[in-house]
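Engineer: Each chain, letter by letter, is given below.
4 protein chains.
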Amino acid sequence: MSRNFKSDNVTPVSDAIMAAINAANVGTAGSYGADEHTERLRSVAGDIFGTEVSIYPVTTGTAANSLALSQLVPPYGAVYCHEAAHIATDECGAPEFFTGGAKLIGLPAPDGKIRPQQLADAVALALELGVHHVKPAAVSLTQATEWGTVYSVPEVSAIAAVARQLGLPVHMDGARFANALVHLGCSAAEATWKSGVDVLSLGATKNGALCAEAVVFFDPARAKDFERRRKRAGHLWSKLRFVSAQWLAYFDGGLWLDNARHANAMAAALARGLQGLDGVHLLQTVEANEVFATLPEATVAALEAQGFGFYRWPMPANGSSSTHPPGVAIRLVTSYATSLAAVQDLVAAAERCGQRLRGSGHDTDRVP
Amino acid sequence: MSRNFKSDNVTPVSDAIMAAINAANVGTAGSYGADEHTERLRSVAGDIFGTEVSIYPVTTGTAANSLALSQLVPPYGAVYCHEAAHIATDECGAPEFFTGGAKLIGLPAPDGKIRPQQLADAVALALELGVHHVKPAAVSLTQATEWGTVYSVPEVSAIAAVARQLGLPVHMDGARFANALVHLGCSAAEATWKSGVDVLSLGATKNGALCAEAVVFFDPARAKDFERRRKRAGHLWSKLRFVSAQWLAYFDGGLWLDNARHANAMAAALARGLQGLDGVHLLQTVEANEVFATLPEATVAALEAQGFGFYRWPMPANGSSSTHPPGVAIRLVTSYATSLAAVQDLVAAAERCGQRLRGSGHDTDRVP
Amino acid sequence: MSRNFKSDNVTPVSDAIMAAINAANVGTAGSYGADEHTERLRSVAGDIFGTEVSIYPVTTGTAANSLALSQLVPPYGAVYCHEAAHIATDECGAPEFFTGGAKLIGLPAPDGKIRPQQLADAVALALELGVHHVKPAAVSLTQATEWGTVYSVPEVSAIAAVARQLGLPVHMDGARFANALVHLGCSAAEATWKSGVDVLSLGATKNGALCAEAVVFFDPARAKDFERRRKRAGHLWSKLRFVSAQWLAYFDGGLWLDNARHANAMAAALARGLQGLDGVHLLQTVEANEVFATLPEATVAALEAQGFGFYRWPMPANGSSSTHPPGVAIRLVTSYATSLAAVQDLVAAAERCGQRLRGSGHDTDRVP
Amino acid sequence: MSRNFKSDNVTPVSDAIMAAINAANVGTAGSYGADEHTERLRSVAGDIFGTEVSIYPVTTGTAANSLALSQLVPPYGAVYCHEAAHIATDECGAPEFFTGGAKLIGLPAPDGKIRPQQLADAVALALELGVHHVKPAAVSLTQATEWGTVYSVPEVSAIAAVARQLGLPVHMDGARFANALVHLGCSAAEATWKSGVDVLSLGATKNGALCAEAVVFFDPARAKDFERRRKRAGHLWSKLRFVSAQWLAYFDGGLWLDNARHANAMAAALARGLQGLDGVHLLQTVEANEVFATLPEATVAALEAQGFGFYRWPMPANGSSSTHPPGVAIRLVTSYATSLAAVQDLVAAAERCGQRLRGSGHDTDRVP
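Chains as they are written, first to last, in the numbering used here: chain A, 1 to 368; chain B, 369 to 736; chain C, 737 to 1104; chain D, 1105 to 1472.
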């Protein structure tokens, strides 16, 4: 039983997806996407999203995000996103690289969800500076967010409405799109293009695939020359059938939704288990498959000592997210492969640590 | 008498500098810097800074800043600067362009001056994210700052000490370096390399030149291949003698310090005149040649109607600078060419407007 | 029996490599390379090359080449390579993208192998132009070459000696390195760092892997910050164990050499079979797993009609490779998965076509 | 009397242009182009070209060329130009930098003028490689060419017709446009947009200005966002009035044509004088203000010893321009400021050298 809650990318590959990879390994096939699996993916993706789409498989989320943004934004452009967006903090400047130097403008929001008015204000300020400032060029939403929350359909629509008015296309970083989707309970169409999303970075790797990400354009005209961008970034695979086969298995029979549903349920169970404990505070509503909480330092240390894997989460020193509860902030991530037993194991361990602390007269809330 | 306080770049060229340009216009000369004026500038700059320097004339501040940073920072690097730094907000992404995609990390500070601890904290946070985050690579200070304040020598030294410990070179954006220098009253050496500055973008255009900026390396070894960077950015002039001649005249007989001293004195006079007026609040200590103040909206509008030129200054909606006094924030800039009469003219006009307002029962502080 | 000779990337995955992928799919593992497979690869690669190396797995050859070059070359640099080098013609400008704009200088050579004197001359010409020209910064050799030939060890050494004298590091594009190595019959060490190669792009995908390429630095000091370059290009996999597992299986028991040996033998058999036919001319010595030949247009068309897959190969209109024999130039590629029966099938088909042509009084050599 | 024939950029500034700079130095003026001179330039440029144009003053030819190309070409694009084009060999990779990595495809042509069929062939080859190759995106012609020749109006039109058919915009590098124009004897309109040129880099610096280059768009719609490109490259001057004033003086009363006519006449005189001498061979028809010739090594050395300034010109080792006459190739450039006496002085010196050589039994044509 794994004690690794570090990320949903530490997991193995879903059996059905691995089976599909093996099944694709027969005979020769056209390279660079001229194969039957990739061909089939195009029509399957259309079914999934309820509209014709242009879908380009790649193999990392950073590639999907950066390629997507490079298609939307000129080198002198600005991308508006949450200040903690993955594209802004965890991709080592990939968006700047792929766009040729565009700037990410981070907007603060304690729940990870930017607000329409923030976008409008930030763009207005930029336009006031005219030619001396980068040109507002796109907005990027992370769904589910970096804080494990989920934009509702009306929330996405409201931001997209402002964006449309300002002439900005809307990008969605959907590294955990399936987790958001099962939370929302709506169709993939409603969660994306019907809400105003123009381009989606769709991830499967965190939800059971080996290496399957994709850029999905809801207006194929926006994908002009995208193939060359993918190629020159080294992201056009010669044996692309093996990525497309993963996608087909991922969508087949709703595997993607089943996997995400399970991951979300495990996060909910984890949150329920933890929030009853002394000295534990949930930092965010748990809507997808991530739990952010503060725990007493001693508890955190004890869990680490017992081999539980998770990240101590850096809380920004300035800005809006700063007034968090006492203790050490950590992030726990569940996945399709997380068992209920593993969740209970962690909760029980945290409880035992807390009891020991109180037994020793430790005032948990005083722990810095 | 000019009513234009918009910027120190609306001014004409100092007589001595224009004379030098005319004097340089004799016969043929080696192109691309192989001329006598440029040769002479190298030794004169050494005298000015009290050490051997590598100086590269260019013709805009944006070029000087961006070329300097591109020499210090890899494409996957981070530059720490004030959140309102010119490089971050007013150069249309030039640093990102020249560095190949490096990221500027803006640090808030109400007086425009970043603090050593902020730098240390921000770098520590970045390093925690490891390979997923851009690599801390340089710090950039604006001297005088965007808010018209001046880092003291100990302030620069303290930041540079932290930077050195972290392995980061220190860049100084000296678009208004002369204004800062006469405020400090120290030598150019003390204000730069003796305080830990590695590379200086030195500006003359705002202080009387036609088009004279320069990148100054205090360690010539840092300038390796810089010539090619300047060339490929289109900033190597064929008739460079005409830029170098400006620099020689600028330094000659202390013209640069005289010009800056006058500009600063005019700003001080303007501040003194305004701060006595009802409803006027200075936003910053006036240490160089810029005055930031809030005035009643009606006064601002009246001044504009009378042909006074200045910028209504956007105040950030979030962040540390937000709790400013009521009224409209404006920026007034003086220069070597600003006359005391022009300053008195503006103050008198503001006073008249204020009196009229009060006469009409207007509560100036209520103006939004 | 496959009639597809288009490329060695149309093949399926070697059984042993697919087995290794399946075997790696157990339990959680550290992401981004913090896993046991990747750890083990580091020491195995050292054994293979007979020296400590820094090896970075990626998943496309374009990524390996471009990342390697970006580590060696500044944005204002020049890379010297063969005019038909994959990096110059088949990667959609990836090297320019990753290096931030460096220039590839293509040198002509009819057999695909640049000569030491060409390099010396080209660099001398560049240096004469000084700051106005890109700076000579690296040389890149393709091994095996784009023309299916192989640089001998002394040939590599001679170029590397010139490069070292000029201060240029040597990159080797080893997309088909194993094919070259078994032809040379020397050790991997002799074929690379002992001959003066500094960085190797090592490919396995064309030789039996699913998606395994790597950048190998023979001097780990050259790899400084390379991790960040890989990350920001979107080429750092979260589930990297699945790439490293391919590499381990590839090297294990000499699979890589066995696969390459077979591919080369099939190309040799193909060449022998074709060169006896009327109207067929081999364009290059067959030293690896590619055959370039001219055939009568009617034969080529007939083979295409019978479902044989290969590329009609564009011959440069100008330059040194232009005086090729009459007919249509085609490229045939063999692989680890090519059967002798498939080779005989193609040769027999070509022979039949030729006989029919002669029977019909067609003068094969007149076909344009 | 100057013996400097190195370039037309070693010259001083035309009196009328320097006078205009001085005259512009009065009072304050709007910065960044919001001044009367720049305003006026817009309408004057329209008059000069006989159509509405968008004109953007910059101060180096490299900036003008690279900014223009960056507007026309995506990062994954190809620019077709002569193999010796200034953009390809003398701008240190600036086009690659500004475009974000586009590739220049150099086409050979002994007279410096590419042919329509060459363009068509090169594009066809590129398209055959599809997504693996950079996308044909623009053609760039140098007028007058790097070899001192001039494309006729029909020649430009024929290339532009091919380009239009292929969907490629046409850029003209007009660093010596005035010299070409007076040779052609047609209108500026006929030489540019009426022949199919879309964007012109127009130079004045080599023809009497201090620092005046410009990008001219004949279809203002093509200039979208160009202002931001100029800004972020550091090429938007704050005191732009001083560049625009040069342009106004340059066009005023036909100064530009007078200057160019004189420069061309001096080159013609030089060519006439030299071609009569023993051992001297003109390498190109002299149509603008440059003379390329081979002279005996001893003559060249003697001229250098006497203080004459010119470049020994590197002749390509491979390619079409290689079969030049014996001797040393040199380039001599005349300008608006070259006197007939200076030309006669050089010719006389060359003649004396030659006589001395023959007197000494030297076989001039044997000199390598």
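Accuracy of the hints is not assured; some may be wrong.
Said to hold, decoys possible - Label-pair distances were calculated between CB atoms; the ranges are:
#1 Q1448(D) with A897(C): 49 to 59 Å
#2 E558(B) with D1151(D): 51 to 61 Å
#3 A633(B) with G1150(D): 39 to 49 Å
#4 R410(B) with A1405(D): 55 to 65 Å
#5 D121(A) with A669(B): 40 to 50 Å
#6 E1156(D) with L129(A): 25 to 35 Å
#7 T51(A) with L1270(D): 39 to 49 Å
#8 P682(B) with D225(A): 48 to 58 Å
#9 A1224(D) with D219(A): 49 to 59 Å
Claimed, not checked - Capping the alpha-carbon separation at 27 Å, the derived lysine-lysine pairs in BS3-like fashion look like this:
#10 K1328(D) with K1298(D)
#11 K592(B) with K960(C)
#12 K224(A) with K1298(D)
#13 K592(B) with K562(B)
#14 K194(A) with K224(A)
For the record, the hints were derived by calculation from the structure and aren't laboratory data. We put the CB at the ideal spot given by N, CA and C, even for glycine.
Engineer: Take the hints in turn and mark each one as holding or not.
Structural biologist: Here's how the hints hold up against the structure:
no.	hint	result
1	Q1448(D) with A897(C): 49 to 59 Å	51 Å, holds
2	E558(B) with D1151(D): 51 to 61 Å	55 Å, holds
3	A633(B) with G1150(D): 39 to 49 Å	45 Å, holds
4	R410(B) with A1405(D): 55 to 65 Å	31 Å, violated
5	D121(A) with A669(B): 40 to 50 Å	23 Å, violated
6	E1156(D) with L129(A): 25 to 35 Å	28 Å, holds
7	T51(A) with L1270(D): 39 to 49 Å	33 Å, violated
8	P682(B) with D225(A): 48 to 58 Å	37 Å, violated
9	A1224(D) with D219(A): 49 to 59 Å	33 Å, violated
10	K1328(D) with K1298(D)	22 Å, holds
11	K592(B) with K960(C)	19 Å, holds
12	K224(A) with K1298(D)	30 Å, violated
13	K592(B) with K562(B)	22 Å, holds
14	K194(A) with K224(A)	22 Å, holds
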